[in-house]
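Let chain A serve as the given structure and place chain B on it in line with the hints.
There are 2 protein chains.
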Amino acid sequence: MLASQVTDYPRWFQDVIAKAELAENGPVRGTMVVRPYGYGIWELLQEAMNRRIKATGASNAYFPLLIPESYLQREAEHVEGFSPELAVVTHAGGKQLEEPAVIRPTSETVIGEYLAKWIQSYRDLPLLLNQWANVVRWELRPRLFLRTTEFLWQEGHTAHVSAEDARAYATRILYDVYREVMVDVLAIPVVVGRKTRRERFAGAINTMTLEAMTGDGKALQMGTSHELGQNFARAFDISYLSREGRRELAWTTSWGSSTRMVGGLIMVHGDDNGLRVPPAVAPVQVVVLVVKDEAITAAHAIADDLTAAGVRVTVDARADQPFGRRAVNWELKGVPIRVEVGPRDLAAGTATVVRRLRDSAKSAVNLTDLTSTVGAALDADQAHLLSEATAKQSARITAVSTIDEAIEAAASGWATIPYDAVGEEGEDSLAESGITVRCLQRPDGTLPTEDNEQGLTAYVARSY
Amino acid sequence: MLASQVTDYPRWFQDVIAKAELAENGPVRGTMVVRPYGYGIWELLQEAMNRRIKATGASNAYFPLLIPESYLQREAEHVEGFSPELAVVTHAGGKQLEEPAVIRPTSETVIGEYLAKWIQSYRDLPLLLNQWANVVRWELRPRLFLRTTEFLWQEGHTAHVSAEDARAYATRILYDVYREVMVDVLAIPVVVGRKTRRERFAGAINTMTLEAMTGDGKALQMGTSHELGQNFARAFDISYLSREGRRELAWTTSWGSSTRMVGGLIMVHGDDNGLRVPPAVAPVQVVVLVVKDEAITAAHAIADDLTAAGVRVTVDARADQPFGRRAVNWELKGVPIRVEVGPRDLAAGTATVVRRLRDSAKSAVNLTDLTSTVGAALDADQAHLLSEATAKQSARITAVSTIDEAIEAAASGWATIPYDAVGEEGEDSLAESGITVRCLQRPDGTLPTEDNEQGLTAYVARSY
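Keeping their order, the protein sequence lines are chains A and B.
For what it's worth, the numbering used here labels the leading residue of the first sequence as 14, then goes sequentially.
For what it's worth, the numbering used here labels the leading residue of the second sequence as 14, then goes sequentially.
Rather than coming from a laboratory, the hints here were simulated on the basis of the structure.
It is possible that some hints are incorrect.
Copies of the same chain look alike in the list, so a pair counts if it fits in one copy or across any two.
[As the list claims (entries may be wrong)] Distance condition first, Cα-Cα at most 30 Å in a straight line; then the derived BS3-like pairs of lysine-lysine:
| # | residue 1 | residue 2 |
| --- | --- | --- |
| 1 | Lys108 | Lys67 |
| 2 | Lys32 | Lys405 |
| 3 | Lys67 | Lys305 |
| 4 | Lys67 | Lys32 |
| 5 | Lys305 | Lys375 |
| 6 | Lys130 | Lys32 |
| 7 | Lys67 | Lys130 |
| 8 | Lys305 | Lys108 |
| 9 | Lys305 | Lys32 |
| 10 | Lys108 | Lys405 |
| 11 | Lys32 | Lys375 |
| 12 | Lys405 | Lys305 |
Quantities reported herein were computed from a predicted structural model and do not represent experimental measurements.
The following block holds chain A by itself, in its conformation from the complex (with noise of 0.2 Å):
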């Protein structure tokens, strides 16, 4: 059925996404089909990040998908990044366009203009907004999730008076939002860091990042933070009038995360039967699998109940086909838990409960238990996913002193190197390999301001 993680862990992954029905190629090459059982994982992922990114101030808006090329250009280094991927509109109605018009690779660009029209003063500062959008970049190897040539992301824009409040809320996003996100609700450990001059975003001063780890001991970037100095300001004359009655310009900031993050879930995560979700973004927390005709009476007052004590139930009512099949499928699925309802369980007064995210370990429970057991194994199962996966990450991270040594960690997992052992020139060398220094972090952790700080560590990793 499913290739297994060991043997062949691309394919494992394709499999997965196939046969738990998440997503498929679309007909554009490098496009994606994201079926109903991955949009509501994708659903509930959104609605815990938006919540929180309107905690922090920010509102929602929409700015259009086709921007002039023009507009690009105003940028050197943005453009210089992005041009190689962009998607251009030629024709229209009928008709040449005078200018093409790209496809958004991402919003900087037309958000900058806007900007620019709608601050005047210091008052009208920070000015925080979001938007949920999908966005093109023409991908060389394109992967579901991972790098669609279309995907779907929300990317925050924000202009500031001082570089100081600029920062302050780019890391307010990428620790009160992303990180939050992503551990408290994916269930996904993340180093947080910040990135090299090298991988930085195109057209930032500071590009912040949370890094997972796959089941192959890859690096996945998550989501990023940037603080874009007065870059955007100036090539878009985002500037206002301060307090004190001068002429100055903004700082900005952007901040993305995608539906990548949706890869990211199923590569921590899963394992050799298939998919295993979070509770917290799980379209379906709870089967109740009906074993026979009999028990489906049984079956929709468990799962009324589970409904009423907030728990997102489906009923599997086909008892006509295969029951072992059917128990595969939400296994692949990776649906946290099943109730088996049986005649038998019934006499007895209980049913089998099936934990997916603890090996599958059954019990049977009194059905006057049953509401109370499930929540409270849903709650437990998703503490139980992140201290897994956050085990497994912390296992398969060596320390290391040289580049060579770097080198042979990262064939399995990640190493950490003193960044001084490593340089620039170390990042080209590490690079030959196909390795890159994903993050730094200063020794206590917390994230280096500058470019040239001594003393950081980085974290080392092949990466998707």
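Quick look at chain B alone, frame taken from chain A:
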């Protein structure tokens, strides 16, 4: 400030959108930037719609933005209808594409391709999908919210075993989702009917519509639900094995509603003082207006009470800015209720409640009654908006019996006329006066099920 509705309605519409900070033109002609206040209305509307769509059993999914040009060509009427409006990506990733990709103007074709894969047997039916997405249709005469080159919408796509099932579902969407949201949430009365052959969606066998009356007596199509018959099933081979073991073509539907509904909201409810937002979709239902600084603490206490009661509140504490200008601005934004709090009110133990949706009627309310009074007013005023709009609509519909009379009546409102007196030729001559048949109804208000039914009433009007 604002143009008046009577003097220059189109200008009034533009002014309201600009001054209430709902939206702006995007940089590429015909595109739209939806600002936070406008997007806030859209989010609430979306939520109300999404909940009802899910209640019919449909699931959300996501299909790609880019569609191979050849897909559209598979359904002859469909490609003919949409070709003139397509935006085409010819270059991507620095190269010319082998096959140009169009930006979806609607997704029947790409979704059809996947329905064909996913549907094998009658057990897979009905298959009920919906997506929230952006689409692009190159418009010759774009207008914010009403007709933009890119717009946001939901598009539902379903497949069924029979024509009857498909019709029943498309009709359920029409009434239980669209009509309910428009009437109960947006407080917009709509006439529900069947489109004539001439006005039908490209590729449908039946288009059902909901039409609202704008402040200048025109019609605005607020949403449509289509029976697609077996046209797309044939073009994309969406077939299933029936219970009897025969291979059968499925019957499909599609249905959409968009950001145009926000345009409807503005036009149906707005007045010469600006926007008026129905409480159900008001991002700010109540603004607590601090008259003088001394009242700030009391204002926040009032806001906290209202928030605790589930009301969406904001505090305007800018006491250093002229009170009158602030009040006018909230009026412009159409916030349903202002609670004005000044030292004099507080001394009397009251606050002034101003109801925007009741000609800004003012009353002094005891602070102890404030939360309940405001809650009741929000409910009452939501209902009031609907009955007011319904009365206005009825007053401007004239029953006529000839085409000439219909043309005359349509100069300032709608006409109803026996469709037998119009016919397809009559539609052509109406069209010369810029008038269309908006929809057909049976005498009892129900929907005709065939193109050739006799004794139908036609609603005719100018339209947006």
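Hints versus structure:
Proximity of lysine 108 to lysine 67 under the C-alpha cut-off of 30 Å is found in neither arrangement, the shortest distances being 41 Å within a copy and 40 Å between copies. Taking the shortest alpha-carbon separations for lysine 32 and lysine 405, only the intra-copy value of 25 Å comes in at or below 30 Å, while the best inter-copy value is 55 Å. In this homomeric assembly, lysine 67 and lysine 305 come within 30 Å of each other (Cα to Cα) only across copies, at 29 Å, whereas the closest approach inside a single copy is 47 Å. Within a single copy, lysine 67 and lysine 32 get their C-alpha atoms only as close as 35 Å, which misses the 30 Å cut-off; across copies the closest is 24 Å, which meets it.
In this assembly of identical chains, lysine 305 and lysine 375 lie within 30 Å of each other by CA distance solely inside one copy; the values are 19 Å within and 66 Å between copies. Taking identical chains as interchangeable, the C-alpha atoms of lysine 130 and lysine 32 lie at most 30 Å apart only when they sit on different chains, with a minimum of 14 Å there against 49 Å within one chain. With identical chains, the CA atoms of lysine 67 and lysine 130 are at most 30 Å apart within one copy only, with a shortest distance of 23 Å there and 39 Å across copies. Taking CA atoms no more than 30 Å apart as the test, lysine 305 paired with lysine 108 passes in neither setting, with 63 Å inside one copy and 58 Å between copies.
Proximity of lysine 305 to lysine 32 under the C-alpha cut-off of 30 Å is restricted to the intra-copy arrangement: shortest distance 25 Å within a copy versus 64 Å between copies. For a Cα distance limit of 30 Å, the shortest separation of lysine 108 from lysine 405 qualifies neither inside one copy, at 56 Å, nor across copies, at 43 Å. Proximity of lysine 32 and lysine 375 under a CA criterion of 30 Å is satisfied intra-copy only: 24 Å inside one chain copy versus 62 Å between copies. Taking the closest pair of Cα atoms, lysine 405 and lysine 305 never come within 30 Å of each other, the shortest separation being 40 Å inside a single copy and 59 Å across copies.
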